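Dock chain B against the given chain A, drawing on the hints supplied.
The primary structure of each chain is shown beneath.
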Amino acid sequence: MADAITKSGYTAHDEKITARSSLFYRPQAKTGLMSWLTTVDHKRIGFLYGVFALFFFLVGGVEALLIRIQLAVPNNNFLSAQQYNEMFTMHATTMIFLAIMPLSAAFFNFIMPLQIGARDVAFPRLNAFSLWVFLAGAIIVNLGWFLHDGAPNGGWFGYTPLTTRAFSPNHAIDMWVMGLQLLGVASIAASLNFITTIINMRAPGLTMMRLPVFTWMTLITAFLIVLSFPAITIALVELMMDRSFSTNFFEVSNGGMPILWTHLFWVFGHPEVYILILPGMGIISEILPTFSRKPLFGYPIVVFSGACIGFLGFGVWSHHMFTTGMGTVATAAFAMTTMAIAVPTGVKIFNWIGTIWGGHISMRTPMMFALGFIWLFMFGGFSGIMHSAAPADAQQHNSYFVVAHFHYVLIGGSLFALLAGIHYWFPLMFGRKVSEFWGKLSFWVIFIGFNTTFFPMHFLGLNGMPRRTFTYDPNMGWNNSNFIATIGAFILGVGVTIYFAVMVYTYFKGERVKNDPWDGRTLEWSLPNPVPEYNYRVIPVVHARDAFWYEKQHKEEIAAEHAKLEKAESAHGGIHMPFQSIYPFIASLGILIGGVGVATIDSNPDPKVIVGKKLTVCLIGLGIFLYGVYCWALEGNEGYHLHLDGHDSSDTKH
Amino acid sequence: MSSVASGAIDHHHDSTTSTGISNKKLLMWIFLASDCMFFGCLISTHLIYRLHPPVGTPPASSIFSIELTSFSTFILLMSSLMMALAVNAIQKGNLKSMRASLVLTIICGLIFLGCQVFEFSEFVHVKHLTISNSILGTTFFTLTGTHGIHVLIGVIWLTTMLIYSYTGRLSEKDAIDVESMGLYWHFVDIVWIVIFTVVYLLEYI
Chain A
1 MADAITKSGY TAHDEKITAR SSLFYRPQAK TGLMSWLTTV DHKRIGFLYG VFALFFFLVG
61 GVEALLIRIQ LAVPNNNFLS AQQYNEMFTM HATTMIFLAI MPLSAAFFNF IMPLQIGARD
121 VAFPRLNAFS LWVFLAGAII VNLGWFLHDG APNGGWFGYT PLTTRAFSPN HAIDMWVMGL
181 QLLGVASIAA SLNFITTIIN MRAPGLTMMR LPVFTWMTLI TAFLIVLSFP AITIALVELM
241 MDRSFSTNFF EVSNGGMPIL WTHLFWVFGH PEVYILILPG MGIISEILPT FSRKPLFGYP
301 IVVFSGACIG FLGFGVWSHH MFTTGMGTVA TAAFAMTTMA IAVPTGVKIF NWIGTIWGGH
361 ISMRTPMMFA LGFIWLFMFG GFSGIMHSAA PADAQQHNSY FVVAHFHYVL IGGSLFALLA
421 GIHYWFPLMF GRKVSEFWGK LSFWVIFIGF NTTFFPMHFL GLNGMPRRTF TYDPNMGWNN
481 SNFIATIGAF ILGVGVTIYF AVMVYTYFKG ERVKNDPWDG RTLEWSLPNP VPEYNYRVIP
541 VVHARDAFWY EKQHKEEIAA EHAKLEKAES AHGGIHMPFQ SIYPFIASLG ILIGGVGVAT
601 IDSNPDPKVI VGKKLTVCLI GLGIFLYGVY CWALEGNEGY HLHLDGHDSS DTKH
Chain B
1 MSSVASGAID HHHDSTTSTG ISNKKLLMWI FLASDCMFFG CLISTHLIYR LHPPVGTPPA
61 SSIFSIELTS FSTFILLMSS LMMALAVNAI QKGNLKSMRA SLVLTIICGL IFLGCQVFEF
121 SEFVHVKHLT ISNSILGTTF FTLTGTHGIH VLIGVIWLTT MLIYSYTGRL SEKDAIDVES
181 MGLYWHFVDI VWIVIFTVVY LLEYI
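Just so you know, the sequences run in chain order A and B.
Quick note on the working numbering: the first sequence kicks off at 1 and runs consecutively.
Quick note on the working numbering: the second sequence kicks off at 1 and runs consecutively.
This is chain A alone, in the form it adopts within the complex:
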């Protein structure tokens, strides 16, 4: 078993020289602001991702409500056309990049290392860097609300030539470009980290085909991010070059082709929708077995269909462009791949139904959200498969039918799964449990509000109501459906408010629960709640797919094994913990300053002044960034060792 210990990834990095670390500021704070800014603990980083995501989720929700108020009655002038454009652009950008993705990232960070029996991710400081760069990007995207130029208004897809300098001369689009660029950096950095962690830091015995499905979906999502974000990064670079240096990528008069943007954007954009849904599918695949008290039906098929979705996801992007005139062959090919991708998705649905089939089902709140997910995601899938038929899509394109479709898969799919996940893992994260009454009430209000809002949109779309128009005539026959949708939106708003009010209440005052309240199956439930900083006193050895379930069935064998492992581990110098670090935060701060400089300041028209205001701010940002990066590299990845005696943890510095 000593062999197993050396495999854990922590004990073997024995004490390096700490003399040189005295050159660098090594924060020690365990509480207070400084401890959060310098944290490298994956659980704290996950928590921060969650907090920021929920904040932006509320911002995006308010934007949605403003949109619905504007559309409640025909010829409304609650918002101007310009404000409406800003609202739908920022609603989509916020919900996709600042709410759903970081909320998934919160779970990746918090849960995935626990599920693989690790004490942290492979690169803890890089993880902190991802978080802070995400925040920098989020700030820059939203900066327009507070500036004269206004918020970005070119749609979340930012189609050229609308977003080129000629048609969007002010800085609103610059902020959108810069902000998205940074969010891409954050996502890629985080994904590199997750992939390395999952491949390299599994507990002994945890083979790939024993990984919990949520961890599998994290891995696939991370690969999708790593391979698809470069496409939008390059698209944004090209747009930025066009806007700032008068290049010709999308400049028609000089041979540029705006359709290139559309292709590059959707080469990213379609894998992105799987980036949004696969984590949700992973969460559902954890919740259903737990509350059906059965192992997941057809585990290998669920994993492979997830991988298959990820793979096919790169070959369907042009179904967003059926009406651009690609030619029959291309259109037919993309229609076929789009239909093909429904197969692995359907397979998953059948596996989930197979999981609950004949199970001993307990209808707790997470299970309610999970079942709601299956139902609503299927709806979204059905309208999605309708779009794959190119002739039908030509009719539905840019209509409210599409809006209905993607809200069914994004809210009914991703968001329901994430809300289920919050309920499910809340006891593990905070040691408290949401009351069943309030949890179920919020579920029903959200479920009813959601369907009231988005179901009528199918009919609106088929009746010809186009997307992205700020108002409509009263004689188009769209009045009733729009009014119902607005009422539904407010019901949904109330539901979400109940959900989060109850969450906040529970965080402070909720009922305390013992460990493993749901009788869980995966490794994270073997931990005490709240989870200690070092996660596992002893890195466990995994014997079966549902590792913790196996441990519960073989208590004596496991207890003996743990005792042996613990002895071996303390002989190796105890639990290795990484030092906290301020430098990822400083590097991100430099990026924020430089990004604000690039995005919001006019370049100096006077050629005599070489270093204008813009360049000055950018250089300051660059300087701070380089300082952060170099100190980060030079301070080294040293840590200290924890020795646990009983349940006390006393720090011993080396």
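I should point out that these hints are in silico values taken from the structure, not numbers from a laboratory.
Remember, it's a predicted structure, so these values are computed and weren't measured experimentally.
Incorrect hints may have been included.
[Said to hold, decoys possible] Here are a few chain B residues that face chain A, going by a calculated C-beta distance under 7 Å:
#, residue
1, S18
2, L27
3, F31
4, I135
5, I153
[Stated by the list, open to error] Label-pair restraints from in silico Cβ distances:
#, chain 1, residue 1, chain 2, residue 2, range
6, B, V198, A, G325, 36 to 46 Å
7, A, F55, B, S70, 49 to 59 Å
8, A, L622, B, P59, 32 to 42 Å
9, B, L95, A, R512, 39 to 49 Å
10, B, G168, A, M208, 49 to 59 Å
11, A, G32, B, Y166, 38 to 48 Å
[Unchecked claim] Far from chain B, some chain A residues (derived; all Cβ distances over 10 Å):
#, residue
12, P161
13, I234
14, F245
15, V329
16, M339
17, R432
18, F490
19, W549
20, E561
Virtual Cβ for every residue (Gly too), placed ideally from N, Cα, C.
Relative to chain A, chain B alone:
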């Protein structure tokens, strides 16, 4: 690296990870996969626009200087050889030999960058090809410029390593750092082979 204490260092197996591949190396491989997509998008952009030149565009072969670019390509490929020697040297614990190879790698990188700077200024001032006056200029400067920045970052990285091999921060137990850097350097060279083929040589077929 628990085997440090037991004498010989096994640079090809890291016993602390599940796969035996060190975390740093794995991270670098995945990053390079991502970087492939970056260059893939830029190269595609160039190739697509190459097929649709606006009327009156002069042929690219009248602008390029294939002799100079062939020379700098050769130099960059030689730098890969030097990098491989440097990695080999530090894995054998031969710091002195690694330094010599690193110096040569850096010099090759700098010559390549010098050629690129000369080429760019020649194109702008003599051939009147700028980043904004034609689609060829736009895609050419963006693509080769992005590659040049990759080389520049590599040179700075190598120089940092060279300096730290003198101060003692980089010693034979850090072979994995040099190896990861080597992966990056070879990748940048391979990308250049693709760029040289599809941007330069293609114009002469």
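Here is how each hint holds up against the structure:
Annotation: interface hint on B:S18 holds; nearest CB of chain A at approximately 5 Å, less than 7 Å. Hint status for B:L27 relative to chain A: holds, with the closest Cβ pair at about 5 Å, below 7 Å. Hint status for B:F31: holds, given a least beta-carbon distance of 6 Å to chain A, under 7 Å. The criterion of a C-beta within 7 Å of any C-beta in chain A is met by B:I135, whose closest approach is roughly 4 Å, and the hint holds.
Annotation: B:I153 was flagged as interfacial toward chain A, and the flag is violated, the nearest CB pair being 11 Å apart, outside 7 Å. At about 27 Å, the beta-carbon gap between B:V198 and A:G325 misses the expected band of 36 to 46 Å. The hinted window of 49 to 59 Å between A:F55 and B:S70 holds, with their beta carbons roughly 56 Å apart. For the pair A:L622 and B:P59, the beta carbons lie near 39 Å from each other, so the given range of 32 to 42 Å is met.
Between B:L95 and A:R512 the Cβ separation comes to about 58 Å, which falls outside the hinted range of 39 to 49 Å. Roughly 40 Å separates the CB atoms of B:G168 and A:M208, a value that falls outside the hinted 49 to 59 Å. Restraint check, A:G32 to B:Y166: a C-beta distance of roughly 41 Å satisfies the suggested window 38 to 48 Å. A:P161, annotated as away from the interface, keeps every beta carbon of chain B farther than 10 Å; the closest lies near 15 Å.
The non-interface label for A:I234 is inconsistent with chain B: the shortest C-beta to C-beta separation is roughly 4 Å, within 10 Å. Interface exclusion of A:F245 from chain B breaks down, the closest Cβ pair being 6 Å apart, not more than 10 Å. Residue-level check passed: A:V329 sits 17 Å from the nearest beta carbon of chain B, beyond 10 Å. In this structure A:M339 is separated from chain B by more than 10 Å, as the shortest Cβ-Cβ distance comes to about 26 Å.
The Cβ of A:R432 lies farther than 10 Å from every Cβ of chain B, with a closest approach of about 34 Å, so its non-interface assignment holds. For A:F490, the shortest C-beta to C-beta distance to chain B comes to about 42 Å, beyond the 10 Å cut-off, and the non-interface label holds. Listed as a non-interface residue, A:W549 keeps its Cβ farther than 10 Å from every Cβ of chain B; the least gap is roughly 22 Å. With a least CB separation of 19 Å from chain B, A:E561 remains clear of the 10 Å interface cut-off, as annotated.
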